[in-house]
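K.L.:
Listed here are the chains, written in short residue letters.
There are 2 protein chains.
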Amino acid sequence: MNFFEQLKFGPDGLIPAIIQEQKTGRVLMMAWMNRASLEKTIETGKTHFWSRSRKKFWMKGEQSGHTQAVRDIAFDCDGDTLLIQVEQKGAACHEGYQSCFFRSIENGGKSVKLTEPQLETPEQIYGQK
Amino acid sequence: MNFFEQLKFGPDGLIPAIIQEQKTGRVLMMAWMNRASLEKTIETGKTHFWSRSRKKFWMKGEQSGHTQAVRDIAFDCDGDTLLIQVEQKGAACHEGYQSCFFRSIENGGKSVKLTEPQLETPEQIYGQK
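So the protein lines, in turn, are chains U and Y.
Under our numbering, the first residue of the first sequence carries the number 588, and numbering increases by one thereafter.
Under our numbering, the first residue of the second sequence carries the number 588, and numbering increases by one thereafter.
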């Protein structure tokens, strides 16, 4: 059966995609894809998403150069989530961290801690605003 | 700042939680939490979710015994996704696979392949229906 027939896009036409660095197993980010961005991701081998806040089709790294080369695309039992293995160029997070998940909770959620170093500042990545 | 103040639950009151096996780095599943299930997860150290299809609060493993002991709770730059490290008891997927992401695409999405063995059948996990 064709892969797309096994997927369930949400009522908004989107499906969440978890992005994992294949080499390290680090989960880098989660973003949303519509069918067009998933097709483009498969076709080009670079991740493409749909931004819900900007209502815009985008390629990861189009501004920062921090692109993601796709190594594997998996989907879950319910067909409503994607897990994509990538080779990440530079920091995945727009705040300059390797992963967007750079903070964890402490003390039962009363405080948070940084769990990885900031590799670059947003200004270094995107230039002065 | 309190952790909860940094989170953005969606208009439906839910936030997606990616569940990763800490020991292996394997992404096991993605499920949804409301504030109550996240608080219960922190309080008990076992993952709790909100089922969108069943409209029901549930603890992972309540039927199967395949519970998840929480080792770390991280959140992303936008505060709209959680990444939870766990120690998984048994198969995470209700279909009997270690991970819900047991299928990957082949041939540009024209076909799919199994990427891990089925450890148990659903009948073995949940009993005959």
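Incorrect hints may have been included.
Pairs involving identical chains hold if they fit within one copy or between any two copies, as the list cannot separate such chains.
With a straight-line Cα cutoff of 20 Å, these simulated EDC-like cross-link-like pairs (lysine to aspartate or glutamate) come out [said to hold, decoys possible]:
#  : residue 1 : residue 2
1  : 643       : 626
2  : 610       : 703
3  : 642       : 665
4  : 676       : 703
5  : 595       : 608
6  : 697       : 649
7  : 697       : 667
8  : 700       : 665
9  : 610       : 665
10 : 700       : 682
11 : 697       : 707
12 : 643       : 710
These are calculated hints, taken from the structure and not from any lab test.
K.L.:
Now, for every hint given, state plainly whether the structure supports it.
P.N.:
Taking the hints in turn, this is what the structure says about them:
| no. | hint | in the structure |
| --- | --- | --- |
| 1 | 643 with 626 | within (16 Å within a copy, 34 Å between copies) |
| 2 | 610 with 703 | both (17 Å within a copy, 19 Å between copies) |
| 3 | 642 with 665 | between (26 Å within a copy, 16 Å between copies) |
| 4 | 676 with 703 | within (17 Å within a copy, 28 Å between copies) |
| 5 | 595 with 608 | neither (24 Å within a copy, 25 Å between copies) |
| 6 | 697 with 649 | neither (37 Å within a copy, 28 Å between copies) |
| 7 | 697 with 667 | between (32 Å within a copy, 18 Å between copies) |
| 8 | 700 with 665 | between (34 Å within a copy, 16 Å between copies) |
| 9 | 610 with 665 | neither (26 Å within a copy, 25 Å between copies) |
| 10 | 700 with 682 | within (16 Å within a copy, 36 Å between copies) |
| 11 | 697 with 707 | neither (28 Å within a copy, 39 Å between copies) |
| 12 | 643 with 710 | neither (23 Å within a copy, 44 Å between copies) |
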